[in-house]
Amino acid sequence: MPVNPEIQGRQYPPTAPYLVGREKVREFARAVQATHPEHHDVEAARAAGHADVVAPPTFPIVIQQLTWNQLLDDPEAGIVLSRIVHGDQRFTATRPIVAGDELTAQLTVTRVRSLGGNDMVTCETVVTDAEGAHVVTATSSLVVGGDA
Amino acid sequence: MAQLQDLEVGQVVAERELAFTRETLVRYAGASGDFNPIHYRDDVAEAVGLPGVLAHGMLTMGAAVQPVVDWAGPGRVLDYQVRFTRPVVVDPEAGAALRVVATVGKVEEGTARIDLTVTAGEQTVLGKAQVVVATDR
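Chains as they are written, first to last, in this note's numbering: chain A, 1 to 148; chain D, 1001 to 1137.
For the record, the hints were derived by calculation from the structure and aren't laboratory data. Here the structure is a predicted model, which means the values were calculated and not measured. In this text, a Cβ means the ideal position worked out from N, Cα and C, and glycines have one as well.
Chain D residues, not near chain A, derived (Cβ > 10 Å throughout):
id: 1; residue: LEU1004
id: 2; residue: VAL1009
id: 3; residue: ARG1041
id: 4; residue: GLU1046
id: 5; residue: VAL1107
id: 6; residue: ARG1113
id: 7; residue: THR1124
Derived DEER-like restraints, expressed as beta-carbon distance ranges:
id: 8; chain 1: A; residue 1: GLY117; chain 2: D; residue 2: THR1085; range: 17 to 25 Å
id: 9; chain 1: A; residue 1: ALA48; chain 2: D; residue 2: GLY1030; range: 23 to 31 Å
id: 10; chain 1: D; residue 1: VAL1107; chain 2: A; residue 2: ALA130; range: 29 to 37 Å
id: 11; chain 1: A; residue 1: PRO37; chain 2: D; residue 2: VAL1044; range: 35 to 43 Å
id: 12; chain 1: D; residue 1: GLY1121; chain 2: A; residue 2: GLY132; range: 42 to 50 Å
Sequences and hints are given; from them, build the entire structure.
Below is the structure:
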């Protein structure tokens, strides 16, 4: 089943708030081999002017994935997980994520186009904090394979 | 180490060798929530026609920026983008070895663009890998 071109422009509801835990930041930092003290040591983070330990630059993927699930669960979209190849990824941040942040994410499908036998879906997830202020925008291109 | 306020285009600001093993992949799966079995099961990878178990693209992206984070500080990364141009196969015994070279690509008022060259063996695995860091704070 090809990707439904009519999902271009579709916006999904904001996700339930995600509370960023200190141990989650440390766990994710270890997983991406991030050893800077500001990821692990609260005192080091505070000395650098942050409220708590700082998440690595790609941590927003954890929250972005919650919005991808909305897209995959949309029966009208025609996107099957096993056929997706991640084409590119970008994070544009207003500020770093720190432990204690309560984040909400909202995905918009910005573009759907055919590319050979595949479909390229570009989507943008905007992550905001509890005050509604912008934290980071995560943009991805997903290449969705056609019927094999 | 290169000073943030005094950068020149072409200057190498950081270099690092990265080592991924199957344990690295399982750890990343758990931490990120991406449990696609192509990242830990040889049989599934083979069934979908892959040359072997692959590292998560987001693991490669996440680890490749670390030399820049260590150099500039985690709070200074404003923008980070990559293209996933070639998969990283992680051998069950030998793992995978990656090399990252971070070079100043552009210097602007208050920011610098750092370009990452990320290779596995002789092959580049990320394209247009660019990190914008704040240089004025």
